[in-house]
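Put chain B with the ligand on the given structure of chain A with help from the hints.
Top line first, the protein sequences correspond to chains A and B. Here the first sequence is numbered in the numbering used here, starting from 42 and rising by one per residue. Here the second sequence is numbered in the numbering used here, starting from 29 and rising by one per residue.
Be a bit skeptical, because a hint or two may be false.
To be verified - Here are the simulated DSSO-like cross-link-like pairs (lysine-lysine), alpha carbons at most 30 Å apart as the crow flies:
# : chain 1 : residue 1 : chain 2 : residue 2
1 : A       : K81       : A       : K181
2 : A       : K64       : B       : K106
3 : A       : K50       : A       : K110
4 : B       : K169      : A       : K110
5 : B       : K434      : A       : K64
Just so you know, these hints were derived from the structure itself, not from any lab.
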Amino acid sequence: MTVNESAQKIVEEFGMFDDWMDKYNYLIDMGKSLPLIDEKFKNEKYLISGCQSRVWLSAEMEDGEVVFKADSDAVITKGIVNLLIRVFSHQPPEDIIDADISFIDKIGLKEHLSPTRSNGLMSMIKQMKLYAVVFKTKMKEPSA
Amino acid sequence: MYQQVAFDVSKIRKDFPALHQEVNGKSLVYLDNAATSQKPQAVIDSILKYYTTINSNVHRGVHSLSRQATEAFEEARKHFQRFINAEHAREVIITKGATDSINLVAHSFGSAYLKEGSEVIISALEHHANIVPWQVICEQKGARLRVIPLTENSEIDLEVFASMLNEKTAIVAIGHISNALGVINPVKEIIRLSHNNNVPVMIDGAQGIVHENVDVQDLDCDFYCFSSHKFYGPMGVGILYGKEKFLEKMPPYQTGGEMIESVTFDKTTYNELPFKFETGTPNVADVIGFDAAISYIENIGMEEIMAYENELLAHGISTLKNIDGVRILADGAPKAGVISFLIDDIHPFDAGTIIDKLGIAVRTGHHCAQPVMDLLKIPGSVRASLAFYNTTEEIDRLHEAIKIVKQMFG
Ligand SMILES: Cc1ncc(COP(=O)(O)O)c(C=O)c1O
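Okay, chain A solo, but in the shape it has when bound (with noise of 0.2 Å):
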């Protein structure tokens, strides 16, 4: 699935929802299923700043692809990030730079993108997108 494909398919398990609780139980079963990261990654240098609660993240590059992995703290938290990656992970680096996230509007979770609730979610994306950046540089320079 192209990344706009993995974003229309959120969209739409999220239109399934008209009540606030349900789509928030939701994003907690998603919490709760997110891969679990490495040990060894839960530490400052894979930690993102500006988060409410911890979000560690950390990317290599599989056949082209950029994998993510990540972890929280927080349940809500770890959902919108399962939610991140389900989008993001193994996709090329451009196509993750170019992403359009209008999506995370559409599903109504607007709020966790405001600067004072968290402004996690936006530091997120900004850090999945620069992961991409450096997979895309290294993948340009020649090989020695």
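This is chain B with the ligand only, laid out in the frame that chain A set:
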């Protein structure tokens, strides 16, 4: 015994327009008063009236409006003086808020009294506003910042404090009531011990003024500061009370207009107190608004407010404690206005997100007091902070919300 119903909370709530609105489809329960309080209509009206009538600059014009604005501004100062029982109006300096007041004292007192090797004492309970300014000035002066540890119950350890005072101690800066935990500090005892060692004391009263009767002469504190906005007044105004004997010796903090007596390019002589510390055009409208807030509070009566708030706090603590898995921080310590708690091992951010969805405003996180959260080894807490317009029904709404949180994350 016959008791007169002095405190009619439903009547009081009518005075606060912002309380009557829906948030996320539910009627708002505002329990974030330690961050900022709502404002009574009387305060809003007074600001509107100021801008629609006597608006003009103070202390400089000879024209009528300027005279009236100056009079209103200086009357407000006298009102603040009476409210905290300061000896002189010139000991009451108008600032932008508690943070601004603490920065003023840290820098101005610091530059006059701190030397290399001096010591400044704060406690582990402080708000960042009463930590960072001292860190900065200590760094500049080569002074040492020392921190009073807490007892198991998150109270200031007075015994250790007494042993920390010595001839190098330049000042003690302590919060009156902790914003993160609600613990009331033994400020009178701290002041007494400090004065026995000839050490002046600054009290950060950002929360204290809201929940206690403050008489600065009775306390005998050397400085006391607070913000208008946490005390039913507008944002952008604060008070710094300082004993004249210190203020006289302290250099100006910021410089410019208003605070000078005469300026030539060779030399400037400074204005007298309090103007020496009030440079530039002050926030006249909001100072007048704060004046109205104090009148409003006096009308209800601080004693009545405190009695009601204490009752509500006790009810809140016992209600929340009834829920399995709720842990109240600093439980058992003397407290005012704040219930800081954790629910099972649910992250405060998770709990706060759901509580907000249920129309209840609480604060989650470290509450700008990261050191005490680190000390307690928690990522933060959920904080419900009370005002005298809150009700037992609102506590019940919080109780329900916590039960829903437990279901969702259980
Ligand atoms: C104990 C304490 N000190 C200082 C402050 C800072 O007040 P302000 O932000 O109004 O300057 C606060 C505000 O949260 C506080 O609770």
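Evaluated hints:
The suggested pairing of K81/A with K181/A holds, with an alpha-carbon distance near 29 Å, which does not exceed 30 Å. Under the criterion of a C-alpha separation no larger than 30 Å, the hint pairing K64/A with K106/B is inconsistent with the structure, at around 55 Å. Under the criterion of a C-alpha separation no larger than 30 Å, the hint pairing K50/A with K110/A is consistent with the structure, at around 20 Å. With a CA separation close to 46 Å, the supplied pair K169/B and K110/A exceeds the 30 Å bound.
With a CA separation close to 16 Å, the supplied pair K434/B and K64/A stays within the 30 Å bound.
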